[in-house]
Every structure is written in C-alpha cells, then in structure tokens.
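> Residue strings, one per chain:
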Amino acid sequence: MMREALAIAGKDLVLEVRSKERFAAMVLFSFVVVLAFRFSFDLFGIHEQRLAESHFLIPPVLWATVVFAATLGLLTVFSKEEENRCIDALLLAPTPRAALYVGKLISSFLPFLAIAIFVMGFLAIFFPYDFRGEYLPVAGLLVLGTFGYAALGVTAAAVSATSRMREVLLPVIMIPIALFTIIVPSINATSDVLNSDAAGALGEVRVIAISSVIFVVVSMLVFDYLWEG
Amino acid sequence: MLEITGLSKSFGERKALQGIDLSVGPGEILAFLGPNGAGKTTLLKVVSTLLTPTSGSVRIDGFDVTEEPEEARRRIGCVFHDFMLYDDLTVEENLAFFGRLYHARRNAQQLDALLDRVGLLHRKVDRVATLSRGMKQRVALARAMLNSPRLLLFDEPFTGLDEAAAETLQRFLRSFASASGSVLLTSHDPRLAHGLAHRLLILSQGRVAREVRSDRVPLEAFLREFRVAAGGAA
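So the sequence lines, in the order shown, correspond to chains A and B. The numbering used here numbers the first residue of the first sequence as 1 and each following residue consecutively. The numbering used here numbers the first residue of the second sequence as 1 and each following residue consecutively.
Rather than coming from a laboratory, the hints here were simulated on the basis of the structure. Virtual Cβ for every residue (Gly too), placed ideally from N, Cα, C. Heads up, a few of these hints could be off.
Said to hold, decoys possible - Label pairs and their computed distance ranges (CB to CB):
no. : chain 1 : residue 1 : chain 2 : residue 2 : range
1   : A       : L226      : B       : E167      : 24 to 30 Å
2   : A       : V184      : B       : G6        : 38 to 44 Å
3   : B       : R191      : A       : L226      : 20 to 26 Å
4   : A       : V143      : B       : S180      : 51 to 57 Å
5   : A       : N195      : B       : R127      : 47 to 53 Å
6   : B       : D126      : A       : N195      : 40 to 46 Å
7   : A       : I210      : B       : F11       : 36 to 42 Å
8   : B       : A113      : A       : V159      : 39 to 45 Å
Go ahead and model the full structure; you've got the sequences and the hints to work with.
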C-alpha cells in the first residue's frame, strides 16, 4: 500500500510544482494574514517593545495563520482528481483506498509544513520577535501540528469533495474537531516552549500526537466507505 | 469471465438497474444500447466496482465485485466518457503513474511498445492537455491495458471520434477479443455497435428490453427492433 501512496503523493507534488496554484495561494494568503495581524496590533497600541516580549501573542498569530492557509489548501486537495474524473481512475486501483488517504496526507502535509516555515519567516520580518532562540522546538511543533491538521483535513476534504457547498462544508466539519485536538494544544505547546515550560509543552504534544494517530487510523478505516456509491 | 445475476441498482427512489442477468465469455464483445438514462453507464460503473449494487451479484473471473473488489479490479481495464487522465502530466507520466498504482510497473521500452500499439509513441512527451479527444481516448486505452486486463469496460467509445479513429478503435477491440479478452461497451450508435459486437443488449428504464446476436439479425432488422425496444428514443 505504501508504494501506491507514494506514487499518489509524488504525482500530486509534481502537479503542484508545475501549476504552483495551491502553494502560491497559500503563501500569499498567509502573508496577508500576518500583515493584517501586524497592523491590528499597531491599531490597538501594542508596539514594538511589547511585541518583542509577548510570548502569549505570537503563538496564536502563528497558528491562526497556518490553520487559515492550510484550510485554503485543503479546499483543493481533490480538485485535480475532479478534472476528467481522475478520482475514478484512482478508485479503480487494485489496492485498499487507504492508500489514497495516505498519499493525499503526504502531499498535503509537506506543503503545509513549507507554509508554516514561510509563516515563521513572515513573522520574523513583521514582528520584532526572536522566538527566544527556540527555533528547533517550535519547528518540531509545526511538524506535529501541521501533520495532525492534514491527517484530519484530508478526510474532511474527501467528505466535502462531492458537495457543491464544499467551501462552507470543509471548515464546518474540520474546525470544531481540530480546535481542541490540534489547534489549541499547538498554541498552548508553542506558548509553553516560549515560556520554558517543558512539562506543559510535553502534555500538549501528547494531546496532538494521540489526536493525530486517531485521525490517521480512523481515516484509513473509513476511507473505503467515503467513496461508495 | 463476467457473470451478472439479478443485478439492481437504485439511487434513492429511482431504480437505475432492475434485475439484470447476463454473462460474457472470453473473446466476446457485448454492447449495451439504449437512450440516455437507460442505465448503461450505471451498469459499467457497478461492474467496475465504482458503484455498489443494491442487490444481486457481479462476478469477474469468479471474484465478487462487492466481496473481493481488489481482485475484481485487477482483471478489468476501464475507458469511460471522461478519460480519467491528468491534463498537466505528459502521456508517459500518466502511464507511468497509473502503472505504479495498478501494480503494472513497466519499463521505458514496455511503455513505448504500449504507446506504439495505440499509435501515440510520437506524442509521449506531450502533456495530455495538448492532445485531441481521439488521442486522449487512445491514452486512456493504453492506461486501461496497463494491467493486461481480461475484461475491458468501454463507455461510449465512438463518441467524438472521426471515421478513421472509430475504425482503428474497432480493430483494436476485435484484436483484444480475439486474444480471449472480453469487452463490455455502451453505445448510442446501433450501426457501429452491430458491426462490432457479438451480442447486443438494448436497455430501457434499467431493464434488458431485448437481446440480439449480431450474426443472426441483419442490421436493418436490428435497427427496427432497436427503435421499438428503446421506446422510439433512437
């Protein structure tokens, strides 16, 4: 199954590199969101000096931007498959349909992670904040958080793929589930890292990791049934 | 090769297929004809495992499409109305990708031979988006042949093809059948279907309204039967 999943992921990444549509939209969107946060802080009188010391402000900005951009990316996870009904050709493969899930998970997770790194860069440009030098632990949290979000998001995208109201349905399905399993624990874990609270961060990491494993296992079990007609 | 028993398929209250029984043996070409909405495409989709039967059974080489769908899929090749090809990949990239997916990995020479068989070797590095409809159909046919299927499912194969392309396709299907392959196709065109298929089934409102052996019923007589059985829609 892994061989087929890697073939699907590889094909998706080749198509993404060729068109750059989804990735460019996500980069541009995250840039605008970071910029909007920066101006809003200015408007509320939160100035450079306070921002530089605000360990509680940066994590929500970081994760809100990553989640917004990733949700935008999830809307198009199956769009290439809808052209010419390529999804049918994938479903005709003599392999468990969980391979399709794993392939899509890989090809969604990698761009999301790249976007998260871009967001870190935008934050470095627009906010006078140095993450207290904790780049590696924050990067680790970005890997875990974006993986968990992609693990849930690919299934939500599959559920909403055939709906005409996909743009509305996807966040409606996703955000309530992701809120307390991925998003809030990721924000808390990032805050804990920046406040040097290793024990607190570890607890939140556990929540994200367990949630991610549950999303992957459940998705692999139900993915066959999502496509039944 | 293919055994269908008591097959029905409903979408909510609407019955798309009702009590279909048929079998297709090796080397046989069977065509489904009928007006739009008669259930032709639904039938192909059930046989291909893309749709689940509401009742009845479909077995391919003895494997039930509901209970052992992966084994059934190994034995079929499908060319549907949408060609199921990635426009932004080249011809050979499409085939290489689906080869990996269908457990039919082929080396460069084998892919070239397959493309040569469908007459598209000279376009192998071109993106599918740049091909004509007839060429795309040939790429789809090459993809369907990747896993050396025993049963070829073809939805409206002659739609949008010029005369020469239709003749080439007919030759291909005959040669596939003569090598003990089976073909199940749908068509709007009773003349073309009569010239190609061994057996013709006219579907009307999800039921088999008439079954005809093309070698026993001359074309003109068949066309008359077709008009009656298809409810005058032809």
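> Now, for every hint given, state plainly whether the structure supports it.
Hints versus structure:
1. A/L226 / B/E167: 24 to 30 Å: This hint is violated: roughly 42 Å between Cβ atoms.
2. A/V184 / B/G6: 38 to 44 Å: violated, 53 Å
3. B/R191 / A/L226: 20 to 26 Å: violated, 41 Å
4. A/V143 / B/S180: 51 to 57 Å: This hint holds: roughly 53 Å between Cβ atoms.
5. A/N195 / B/R127: 47 to 53 Å: holds, 52 Å
6. B/D126 / A/N195: 40 to 46 Å: Since B/D126 and A/N195 have Cβ atoms about 57 Å apart, the given range 40 to 46 Å is violated.
7. A/I210 / B/F11: 36 to 42 Å: holds, 39 Å
8. B/A113 / A/V159: 39 to 45 Å: holds, 41 Å
The structure fails to meet hints 1, 2, 3 and 6 from the earlier list, while all remaining hints are met.
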